[in-house]
Amino acid sequence: MKRSLMGRKVIVFFLIPALSLIFVFLILPGVWVLKIGMTNETLTGPKARNPDFVGFENYAKVLSDRFFYNALRITLLFVLGSAIIGQAGLGLSLALLTYRRRRLKSFIQSVVILAWIIPEVVVAYLWIAFLDKDYGTLNMLLSAIGLRKINWFYEHPLLTIIVFNVWRGTAYSMLLFSAALETIPPSYLETAEVIGASSWRKFKDVILPNIRSYILTDLILITLWTFNVFTPYLLTGGGPSFRTELLSIYIYRTAFRYFKLGYGASIATIALLINFALAMFYLSLSRRKRT
Amino acid sequence: MRDPRRASRIVSYILLAPIAAFFVSPILWLIVTPFSIRPSLFISLNGFTLNNFARVFQNRTAVNAFRNSLIISVSVVVLVTTCALLAAYVLSRQDFKGRNVLLYMLVLFSSVVSGAAAMVPIFILNLRLGLINTELGVILTLSGGIMPTALFILKDFFDSIPRTYEEAALVDGSSPLQVMFRIFLPLSSKGVIVIAMLVFTQSWSNFLVPFVLLRSTSKYPVSVAIYTFFSEVGVPDIGMISAYAFLYTLPVIFAYVLIERKFGFSFYGGIKG
Amino acid sequence: MDVGSTIIPEGGVTVRKWLVAVLVSIVVVFALGQKVTIIANAIKGGKNTQVVDWFEKYIPEIEKDLGITVELIQTGIKDEDFKARIVLDIKGGGGADILWIDGFWVPEFVEAGYLRPIDDILAEIPAWKYYYDSMKAMGSYKGKTYLVPASTDVRMIYYNKELFKKAGIPVPWQPKSWEDIIKTARIIKEKLPGVIPIQLNAGTEMGEATTMQGFFMVLLGAGGNLYDWQLGKWIIKSSALRDTLNFYKQIYVDEKLGDAALQVSPGAREKTFELFRQEKIAMYVEGTWFYTSVLNPNNPSWGFPDRDERIGWAAMPGRGKPQDPEFVSISGGTGFAVNVNCKNPKLVAEVLKRLLYVEPQLSYFQMKPFVSPRSDLADSCWTVNKDKFIAETSRALVKYTTFRPAFPVYPEISFQAQLLTERVVTGQMSVDKAIEEFAKEVTKIVGKENVIEKP
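Residue numbers (my numbering), protein chains in the order written: chain V, 1 to 291; chain S, 292 to 564; chain F, 565 to 1019.
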């Protein structure tokens, strides 16, 4: 029996604070950015006082912007390497390696989760120290075993931030896949054991089919998150020479260093649309699953 | 069939060892360096001292930033918890069409509209409202961003609380508001505390929002202050910064341990969004 | 809490209390209203600390004289962050009354409506007539004046005499052409391994420091420029430009006389200061501020205690072909501007007037010498005789120096110039391709009708 616990007025009153905050500070900006992208507003210069409405001119400019394509390319490589291969791959591997091994799993999970919950600014500094070209721990180790010290941020910038982000984000995938593995009835695997299936067969025929939806969920969520991540800025500032300038960093530079708000908004809109497309793609896939 | 088992065990240890080392090394530095007499960029523990921490407290900007972080985080927690509590209660107890879809959409929206891209319109919004370089702007922005997730989680919690107590109270003649505050609230304290802790850690750790919206050094929270310390001019004081980072990280670890201990690490998709 | 009863004259006393409270508030508000704020990118013990010391010395006098409060807002941050701070303050309706800013921000600030024209204020300041015309021009835009220049500067090559002596190069040193510089750099490279022969700013990381101390200093030496004043167009291609980039390429790519990686690393500028201090850089093209502030013995981070003996300077020569300028320099400058939101322009005028009296100006010069924008200061025997460096460099270089094109669009063009040098020194693009990109982008920024190519 669905009886109303309270009157209409109370319901509205209870909902308004939360929903208005969401509306003003989340939904409104999310939609309004499209419109700002159609102006040439800046914070200095003549367009600060009288911005013009320029329609889709900014968007056209973005599509012929060398820096935009640079950022897009780097971001796609970053997402591929760090999310899809890195976090998901490592997360799944760790989940498999610690399956049913309570104490080992507990230890590995603690360490990996630590990397995930430490505030991003701290994590950035930890890695700057770790990779320092003269005194960083990694280089000290390398030179101790006779190898040359490497200026990581200059010689392999993209690889460095990919590895960094894998370190940072794997916890999520690992936890999710561990939970996924727990849903497989142990009898399936035991049966496979009895038959004498190899590890690879076990993985392919027993595990994989049963965690398929989890893989999907994981991929979408970490793709979205990785696509928007800003932390590498703290490590490289987008450099050297724009070689690690992710889309989020390019947007930051355009809108908040040069204060080209209108143009920055148009790039931001495109980024948000890509996000949106990814989210929609996921929704459609998961809905198809259900039918 | 012991041998293959043992073999696979050994293989997994061989594989896990370097991975574990990979994850531990940078963290190890954070634990060791603040206490080191001659702090350096590599992990070295030469002597034990609390001097680095003393230097943190002597730094006016650093101490100020702690205060700012506290003000911002606590305000966000209070704001989000109160609003989410009320709204989630309604969403849980009031069944209407599309309720779940709405929530789901909101959470997805908050994952999509995030990062530097979202900061552009949010910055302009704050500019128009005169909230640039104010703590209030940061508080409201953080609150708006985290609200959908808070709603989602709280509603889930609330759904698991049986309605029988509330219904009994209503039958007894209590008003809906009394029911809410006297019956429901105590029952839901667990969920509320979890949300408060989660919201706290998210706000405490957030860098981008205060970085974009705040301009005066005196208003920076710790996240931005640490960044200026290690990225600014001159030779960074490694001991001081590592001690500062250590102190800054403690509350977050503490909060997560608390959540884990009391409630288990329940897995909610989208928390990190 | 019955308000009504207090008004009823049972309280002759109560009414009087009210009146007193109201009067006190009016006085307080009035007194508080009499306040002038100044913002400068200076912080005690940090960046431009001398500025703070100077204010601390003179503000109390001014406050007493005028019976008001004058507050200095201190910040010690990167120039671009300082600019952002000011812009956002003003845009939000507030901001300090007096802004000590970089001269080349004036056009874009004026176009955005952030600055108040100060022609009326200048009429109250007798010292204005002593300012050089070129300096007055720096502070004006579209016929109105917005900035009182506080200091200007010139640019030259600094070199470490000790390193030169170790490499067997005769000191004092004055190259006559680019080739001379290259020859000297080669000697350093050979004789002093581990020392970077020359630091010529390149890349976007160092921002305007690249355009001013690097790009312009070379381009001008080849007889080129970014902007043609007579035709009113931006020069997007020229042989001077090509030679400029080839010079960069020779230094950074072909002969490795400079460190390319350094140019693009985060915090590059401060790193170069550090390296110069550690005597790992032999020659550095920089400006007056570098000598008087960075290398100053009173600077704890990068100062040389024996600066005057150890660090020499030489004028930057031209390319060396006939018709090329003998020496080049370019000047920037800072000054005082007034916020459009300022509520007390009359008070601001009074404060400014007093800050610009000769005595405080000489005192400031003592703490942080600068090239003077006004003749009464330059001619005073104190400045000319006491500070050898300023005297010599002014005498030698002011006649060669020029200024940046003051347009709101300049910062964007400057960025393209920085990008141009970055692409060449990191080897990302060939000189021709990089110039091609530069030309394309600048054309996009200012429009086809505003650009020109030169032979």
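Just to be clear, a hint being listed does not mean it is correct.
Stated by the list, open to error - For lysine-lysine, the following DSSO-like pairs were computed, each having C-alpha atoms within a straight-line distance of at most 30 Å:
id, chain 1, residue 1, chain 2, residue 2
1, V, Lys149, F, Lys844
2, F, Lys1004, F, Lys797
3, V, Lys35, F, Lys628
4, V, Lys105, S, Lys481
5, F, Lys581, F, Lys621
6, F, Lys740, F, Lys655
7, F, Lys708, F, Lys730
8, F, Lys755, F, Lys599
9, V, Lys133, F, Lys755
10, F, Lys797, F, Lys730
11, S, Lys481, V, Lys9
12, S, Lys388, V, Lys9
13, V, Lys149, F, Lys655
If you are wondering where the hints come from, they were derived from the structure by calculation, not from laboratory data.
Hint check:
| no. | hint | in the structure |
| --- | --- | --- |
| 1 | Lys149/V with Lys844/F | holds (20 Å) |
| 2 | Lys1004/F with Lys797/F | holds (15 Å) |
| 3 | Lys35/V with Lys628/F | violated (52 Å) |
| 4 | Lys105/V with Lys481/S | holds (27 Å) |
| 5 | Lys581/F with Lys621/F | violated (41 Å) |
| 6 | Lys740/F with Lys655/F | violated (49 Å) |
| 7 | Lys708/F with Lys730/F | violated (53 Å) |
| 8 | Lys755/F with Lys599/F | violated (60 Å) |
| 9 | Lys133/V with Lys755/F | holds (26 Å) |
| 10 | Lys797/F with Lys730/F | violated (47 Å) |
| 11 | Lys481/S with Lys9/V | holds (28 Å) |
| 12 | Lys388/S with Lys9/V | holds (19 Å) |
| 13 | Lys149/V with Lys655/F | violated (48 Å) |
This entry does not satisfy hints 3, 5, 6, 7, 8, 10 and 13, going by the numbered hints stated previously.
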